[in-house]
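Enquirer: Heads up: the sequence lines are chains Y and P, in that order. Take 2 as the starting number for the first sequence in our numbering and just add one per residue. Take 41 as the starting number for the second sequence in our numbering and just add one per residue.
Keep in mind the hints are simulated off the structure, nothing from the lab. Treat the hints loosely; a few may be bogus.
Label pairs and their computed distance ranges (CB to CB) [claimed, not checked]:
#	chain 1	residue 1	chain 2	residue 2	range
1	Y	GLY19	P	LEU294	23 to 33 Å
2	Y	ASN69	P	ASP80	56 to 66 Å
3	P	GLU307	Y	GLU249	54 to 64 Å
4	Y	LEU16	P	ILE327	53 to 63 Å
5	P	GLU81	Y	ILE67	48 to 58 Å
DSBU-like cross-link-like pairs, simulated, lysine-lysine; straight-line CA separation at most 30 Å [to be verified]:
#	chain 1	residue 1	chain 2	residue 2
6	Y	LYS132	P	LYS370
7	Y	LYS113	P	LYS460
8	P	LYS460	Y	LYS106
9	Y	LYS65	Y	LYS188
A virtual CB, placed ideally from N, CA and C, is assigned to each residue, including glycine.
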Amino acid sequence: MSGLSIQNLSMRFDLPNGGSVQALQDVSLDLKAGELLSVLGPSGCGKTTLLNIVAGFLAPTGGKMILNGHEITGPDAERGMVFQQGALFEWMSVRENVGFGPSMKGMPKNDKAEIVDHLLDVVGLRDFKEKAVYELSGGMQQRVALARCLANDPDVILMDEPLGALDALTREKMQSLVLKLWKETGKTIILITHSVEEALLLGERLVVMAPRPGRIHKEYRLPFAEMGVGEDLRIVKKHPEFAVRREEILGMIWDMEEEIMGRTEAAS
Amino acid sequence: MIPFLIYVAIFVVAFFAVKAFAARTAVSDYGSLKTVTFGDESAVKPSRAASFVSILSIFFLWGMFTGSALLPGFLHAPGPFQGTGTFEYTVQSGNERDTGTVTVVVHPIDTPTEAPEVDPGDGWAKNDSIAIGMWRSGLLRVDRNDELGRGEGAEIVEINGASVQPGDTVDVGWGTVTISDKGTPNIQPNKGWQMEPIWLPSPEAVVTRVGEIASEGFRGSTLWEHLGFSLFRVIVGFFFGALVGIPLGYAMGLSNWFRGWFDPIVEFMRPVPPLALIPLVIIWAGIGETGKIILLFLAALWIMAIAARSGVSGVKISKVHAAYSLGASKAQIMRYVIVPNSLPEIFTGARVAMGVCWGTVVAAELVAAEQGAGMMIMVASKFQNTDIVIMGIILIGIIGFGIDMLMRWAERILVPWKGKG
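Start from the sequences and build out the full structure, keeping to the hints where you can.
Expert: Here it is in structure tokens:
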């Protein structure tokens, strides 16, 4: 049984002041191997909590996750993670960063070098192999992070707003790169974002989450990721259905934000 | 006061001089095109010319007020009177008056000189002479060789023709003469503005003394042995402090139990100045090497523990998470993530600790030691060897500065990623 199955996941924790927070409630998702899922939602809807639970950094208070037939209990190399920024090891060169996973497994040097060279070619950083990571631009650093994650050959790649800190132009290029890598490697990818456009472009499936308690509000199955592979993303964005979906989801999130604002105002 | 005014004058004059000169040779780099420089910290760069003039003017003032041979004579501040001066005194006994001449020879302190023979002259008040060292003063019983002395009711009524009473002071050109309450002239040759070597020796005297101590030694040890002992104590104390402190800091950064257990101890000991521990350490371990190394160990320990602790706390959680999802074990995370990530903090701590240790060792040696830089200046000060004291202070400063430079250099080489994360 391959794929990732998230079953009735709940997360509830106590606050120091005696209250408690229901961060997630009954979140269920089934991902087939090779699916690309983007998760969208207003801030505080628990999307990062969800990702941290799937990564194994947090233990849920209810429900379970099954990956390839076994339950997830902690972090593991089978689930790679790409963070927003600053998760590279600045004391290592680009080559050492990408080779980190294989090194930890004790892979022979030659095999490791081959993997690293190949991935640096894929992300277009061959000439920067021996550079220190802090000498690279933000976009290049995220490409190193992608390559580092892929070098470990994980089954699932979890991305926590990986392009959030990049400028608009770099971001567009990186979106193409993510699609290309998804198609070429066939990995299962869960991508968290707060950009509606990005969620539409990079989601074969798209989940919109609602806050308080964090839960799945609506799910879409979209054609744009498939269309965007090897295609100029600006053309995809001109697709009539793209605009319709964008407005629909924006409206949905707008309403949620309004509701949160209203509730906080009422409470205060 | 006068040296200070001269210093301020040099500061101001050099400022305008350098400004006028720099205006002609200005480079037009990016910084020079900034219009807002007041308040822009990045636009403030130390003026190298100012540093140069600053150091030069300190030595200039030093030489000026010590009559240094390194400066041409016309730049010297007025020196003390040296040579022979005379003044006349008039004594009156009843209605009889007579005048005698006093010859005063003012000689350098380190060349003892006899009072010269003088012709007694005519009249009943005889001529006198006295030898006085520079910067000193002398009381002279001028009536002692007179035919009518104090016993006969004779008293001094005029000095160089000016009438005087006990307590009055007369300027005689090369000095002053004050009549004491008992009627004895107190001769004070002009001191000038220069410092007596016993207060401040000239720069060349200090340099000569460095050579002397370096070749002959001081109190049974050469200069290098004294400095070497101080450095040795610092290095050994710091080494053990780091050896214990860094793992302790790591443990405090990684475990609740260690953090809870050692936090009160570390937080209490950190603000205790190591100098305050000197008496206790002397009671417990004596004044030998052990005591000093224990003291420096304690000085370095808490600083290093806190540096290592904050180095661990400073690891971005995303780096640790990333390493776990890349399959690293706990030991691998320690070795490849936590240790390298904490190195910059540890280096900063090491720099602070070395500075504190260097200060502490000198202070500890001031209290009690057989060798060491601090002991050298302490003993020298007891014998008024001001040149050795100044030499010691300069060498202690140079070594402290050198240690800091060395640590910064090591930091640049070993942790180039500092502040880049």
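Enquirer: Could you run down the list of hints and mark each one as holding or not?
Expert: Status of each hint after checking the structure:
As the Cβ distance of Y:GLY19 to P:LEU294 is approximately 30 Å, the hint placing it in 23 to 33 Å holds. About 58 Å separates the C-beta atoms of Y:ASN69 and P:ASP80, a value consistent with the hinted range of 56 to 66 Å. For the hinted restraint 54 to 64 Å between P:GLU307 and Y:GLU249, the CB-CB distance of approximately 57 Å keeps it satisfied. Y:LEU16 and P:ILE327 have their C-beta atoms about 58 Å apart, which keeps the hinted 53 to 63 Å range intact.
For the hinted restraint 48 to 58 Å between P:GLU81 and Y:ILE67, the CB-CB distance of approximately 56 Å keeps it satisfied. The straight-line distance between the Cα atoms of Y:LYS132 and P:LYS370 is roughly 27 Å, inside the 30 Å bound, and the hint therefore holds. Of the supplied pair hints, the one linking Y:LYS113 and P:LYS460 holds, its CA atoms being roughly 27 Å apart against a limit of 30 Å. Restraint check for P:LYS460 and Y:LYS106: satisfied, since their Cα atoms lie roughly 28 Å apart, inside the 30 Å limit.
Distance restraint check for Y:LYS65 and Y:LYS188: the Cα-Cα separation of roughly 22 Å lies within the 30 Å cut-off, and the hinted pair is therefore satisfied.
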